[in-house]
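Chemist: These are the residues of each chain, in order.
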Amino acid sequence: MDAILLQILNGLDKGSAYALIALGLTLIFGTLGVVNFAHGALFMIGAFCAVTLQKILTISSVSIDPEKKDFLGNPMEVKTPYVESIFGEATGQLIINWSVPLAILFAIPVMLAVGYIMERGLIKHFYKRPHADQILVTFGLAIVIQEIVKHYYGANPIPTPAPDALRGSFDFGVLLGFDPNAVIYPLWRLVYFAFSALVIGAVFAFLQFTTFGMVVRAGMADRETVGLLGINIDRRFTLTFGIAAAVAGLAGVMYTPINSPNYHMGMDFLVLSFVVVVVGGMGSLPGAVLAGFLLGILESFAAMNEVKSFFEAIYLPSIDQIIIYLVAIIVLLTRPRGLMGRRGVMEE
Amino acid sequence: MTLIKPTRRGVIQAGALAGAGIAMPTILTAESHAGYRNAPQGSTVTLGFNVPQSGPYADEGADELRAYELAVEHLNGGGDGGMMNTFTANGSKNALKGNGILGKKVEFVTGDTQTKSDAARASAKSMIEKDGAVMITGGSSSGVAIAVQGLCQEAGVIFMAGLTHSNDTTGKDKKANGFRHFFNGYMSAAALAPVLEKMYGKDRKAYHLTADYTWGWTQQESIAAATEAKGWETVKNVLTPLATTDFSSYVAPVLNSGADVLVLNHYGGNMVNSLTSAVQFGLRDKQVNGKNFEIVVPLYSRLMARGAGENVKGIFGSTNWHWSLQDEASKAFVKSFGTKYGFPPSQAAHTCYVQTLLYANAAETAGTFNPCGIAEALEGLQFDGMGNGATEYRADDHQCFKDVLVVKGKDNPTSEFDLLEVVEVTPREQVEYAPDHPMFAGGDLGQCNPGA
Numbered sequence: 001m002d003a004i005l006l007q008i009l010n011g012l013d014k015g016s017a018y019a020l021i022a023l024g025l026t027l028i029f030g031t032l033g034v035v036n037f038a039h040g041a042l043f044m045i046g047a048f049c050a051v052t053l054q055k056i057l058t059i060s061s062v063s064i065d066p067e068k069k070d071f072l073g074n075p076m077e078v079k080t081p082y083v084e085s086i087f088g089e090a091t092g093q094l095i096i097n098w099s100v101p102l103a104i105l106f107a108i109p110v111m112l113a114v115g116y117i118m119e120r121g122l123i124k125h126f127y128k129r130p131h132a133d134q135i136l137v138t139f140g141l142a143i144v145i146q147e148i149v150k151h152y153y154g155a156n157p158i159p160t161p162a163p164d165a166l167r168g169s170f171d172f173g174v175l176l177g178f179d180p181n182a183v184i185y186p187l188w189r190l191v192y193f194a195f196s197a198l199v200i201g202a203v204f205a206f207l208q209f210t211t212f213g214m215v216v217r218a219g220m221a222d223r224e225t226v227g228l229l230g231i232n233i234d235r236r237f238t239l240t241f242g243i244a245a246a247v248a249g250l251a252g253v254m255y256t257p258i259n260s261p262n263y264h265m266g267m268d269f270l271v272l273s274f275v276v277v278v279v280g281g282m283g284s285l286p287g288a289v290l291a292g293f294l295l296g297i298l299e300s301f302a303a304m305n306e307v308k309s310f311f312e313a314i315y316l317p318s319i320d321q322i323i324i325y326l327v328a329i330i331v332l333l334t335r336p337r338g339l340m341g342r343r344g345v346m347e348e
Numbered sequence: 001m002t003l004i005k006p007t008r009r010g011v012i013q014a015g016a017l018a019g020a021g022i023a024m025p026t027i028l029t030a031e032s033h034a035g036y037r038n039a040p041q042g043s044t045v046t047l048g049f050n051v052p053q054s055g056p057y058a059d060e061g062a063d064e065l066r067a068y069e070l071a072v073e074h075l076n077g078g079g080d081g082g083m084m085n086t087f088t089a090n091g092s093k094n095a096l097k098g099n100g101i102l103g104k105k106v107e108f109v110t111g112d113t114q115t116k117s118d119a120a121r122a123s124a125k126s127m128i129e130k131d132g133a134v135m136i137t138g139g140s141s142s143g144v145a146i147a148v149q150g151l152c153q154e155a156g157v158i159f160m161a162g163l164t165h166s167n168d169t170t171g172k173d174k175k176a177n178g179f180r181h182f183f184n185g186y187m188s189a190a191a192l193a194p195v196l197e198k199m200y201g202k203d204r205k206a207y208h209l210t211a212d213y214t215w216g217w218t219q220q221e222s223i224a225a226a227t228e229a230k231g232w233e234t235v236k237n238v239l240t241p242l243a244t245t246d247f248s249s250y251v252a253p254v255l256n257s258g259a260d261v262l263v264l265n266h267y268g269g270n271m272v273n274s275l276t277s278a279v280q281f282g283l284r285d286k287q288v289n290g291k292n293f294e295i296v297v298p299l300y301s302r303l304m305a306r307g308a309g310e311n312v313k314g315i316f317g318s319t320n321w322h323w324s325l326q327d328e329a330s331k332a333f334v335k336s337f338g339t340k341y342g343f344p345p346s347q348a349a350h351t352c353y354v355q356t357l358l359y360a361n362a363a364e365t366a367g368t369f370n371p372c373g374i375a376e377a378l379e380g381l382q383f384d385g386m387g388n389g390a391t392e393y394r395a396d397d398h399q400c401f402k403d404v405l406v407v408k409g410k411d412n413p414t415s416e417f418d419l420l421e422v423v424e425v426t427p428r429e430q431v432e433y434a435p436d437h438p439m440f441a442g443g444d445l446g447q448c449n450p451g452a
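Going line by line, the protein sequences match chains A and B.
Here the first sequence is numbered in our numbering, starting from 1 and rising by one per residue.
Here the second sequence is numbered in our numbering, starting from 1 and rising by one per residue.
Just so you have them, the derived chain B footprint on chain A, three or more residues with Cβ under 8 angstroms:
| # | segment |
| --- | --- |
| 1 | 1-15 |
| 2 | 69-79 |
| 3 | 169-182 |
| 4 | 186-199 |
| 5 | 257-265 |
| 6 | 318-327 |
Cross-link-like lysine-lysine pairs, in silico, DSSO-like; alpha carbons within 30 angstroms at most:
| # | chain 1 | residue 1 | chain 2 | residue 2 |
| --- | --- | --- | --- | --- |
| 7 | B | 340 | A | 68 |
| 8 | A | 68 | B | 408 |
| 9 | B | 313 | A | 68 |
| 10 | B | 335 | B | 410 |
| 11 | A | 55 | B | 340 |
| 12 | B | 286 | B | 236 |
Beyond 10 angstroms from chain B on every Cβ pair, some chain A residues (computed):
| # | residue |
| --- | --- |
| 13 | 108 |
| 14 | 113 |
| 15 | 124 |
| 16 | 141 |
| 17 | 286 |
| 18 | 342 |
Hints in this document: simulated from the structure, not taken from any laboratory.
Beta carbons: idealized from backbone N, C-alpha and C, even for Gly.
Extracted from the complex, chain A is given alone in its bound form (with noise of 0.2 angstroms):
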């Protein structure tokens, strides 16, 4: 049963990942038509805008100290940060500590920037597209992004630890009445999945209760009647793919201290993504939250030893590799518009 409940939170951890990438995708499919496969490429933009802060709050005065040597036997090179010697030492390491949550503020101009340049910059001449042409267009623009990450991060995982405060782990069990340190479960996971649920709803809600939201949501149900009643839904639109970016690079910044990040980390999540919004349903966002959620738990009861062995023995070994495609293709026979597509979306 602990086990059990372990790879429910596990699933729900993976899943908030997925949901917040495929909300991103789903909206920006939803709203402009456009297949953006460089969705991942955002989530990684994200996750180096942790650690682009980290690097500059670690900015350092370097002095000299003569009673240490470094490894070449040289005197060694001191270095300490300017936010140190701004706020004083206690401050400036609380400061640095904290580079990630701080990060969140940092990484949503520059995600809604980035979204806007690249919606204004190329995506919007591949409106009238083929998906073909646009799948092309924004995975080709994926691999480019990602070559510039890697020219300047290297191609090694950068650590960006979450704050000490929540770096420990949290015995869930006790809660529910199990034993201790039966179900123990990392701190920053359980932050991470908050923090994506408080995301998935403030997108909701910004959708729901709001007049710009009222508007996107008509202009996804009927493009042409919205233009037609004289409300500039493409100025709309833009924003919405800068708000889809900004999702998946908050997504991105939060995940950070889980596993450190590499400029390959958004191609990881990019075909699990993809699949989510396809099993969700193409454009539709409660579809993307459910699906990522429900195979983020699937995925993880599939790498339970119990359930592998299982599997092995009526000749399906990996199961947990392949657990997610296989739900994809039983779906899509059964419900070829996925769990909550609507009729007419991707379809003539």
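Use these hints to put chain B onto chain A, whose structure you have.
Modeler: Chain B in isolation, oriented as in the chain A frame:
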């Protein structure tokens, strides 16, 4: 007078004839000249450096490339000469003169293995066929190393393996044209098991997470056998795909498995991520079976330690070489590498640098680039002054035998490079095995192939 009208068939026939004519001199000379493949023409010789520049081992690959460039610089007489000043072969000074190899200036081409066997074979093939590389070297994934070693055997060039730790590289997949300086899974296990027994006791239950390819399998087999011989029990071994980035679903079941030790048979980016997950899940703070839960990383590198940050503190593993060693050779190498790049070299860089010098020295002693001559010079070579103490290239399997370092993640690092401390230098006798040991049996070295 009749004009000959060009017909489609005529043009094709003429084209084919002309093409064959142009190719004729190459067909006749390219591979038969000097009796071996890619015999250097003119005043230069080309080496092929095939390293992962992307994928989970990219970090190691980048450092390997730095070491190769440094080795080329030293061979051509540049820099301070590094370990060329300390390297002794068969008891006397090495044959390197600082004027390239056999008087030919060393040039190099590089390829990206992408940590994938097919990509690695393609880039090695291109370096051999298009660039005329007379030797291929590189590594970081044993799957890749074994694939490329096989290709070099067929193509008739020498393969000087870089970082590859699978038993199979010089075990069942050994080849006459392939040579490995790096140690292997068996040696890690033989060195590590006594230290683990001393630190954590005899009565332990181990849970293994293992990278799902040749290196992971053979290391897991070696560690399980060595620790079981010390009284440990192997509770479970779970294979994880090389491309895994989030190990949480593999780590979570460890908590309730009854195991009190987690062995991570992972390397590079895999190890950074799996260790981070294990620490995040609170494994190191846990008490199981009345003992502290422990994590072991049998193959360690400083680059990984840096990626994993604070999580490596106090964790045991083994390494082929470490920059903090105080012998003259290690100091000379660290000095030249550190001066050129601003940070100390990794074990991957060390083994690649050493392999390049060993190849060059073998060519000088043999007086030829012919793979068979070089193989003969390397087989049974006793050398020293390369950072590992007295070392032998065993003729039976082309594996180097030397001391092995057991290391531990340092509790109080004094700098960003000072992450591992050497706990024990395990002598060669303790890690040596017979060429027909069951974990290495099944392969055949075969005959050296000069490719022509």
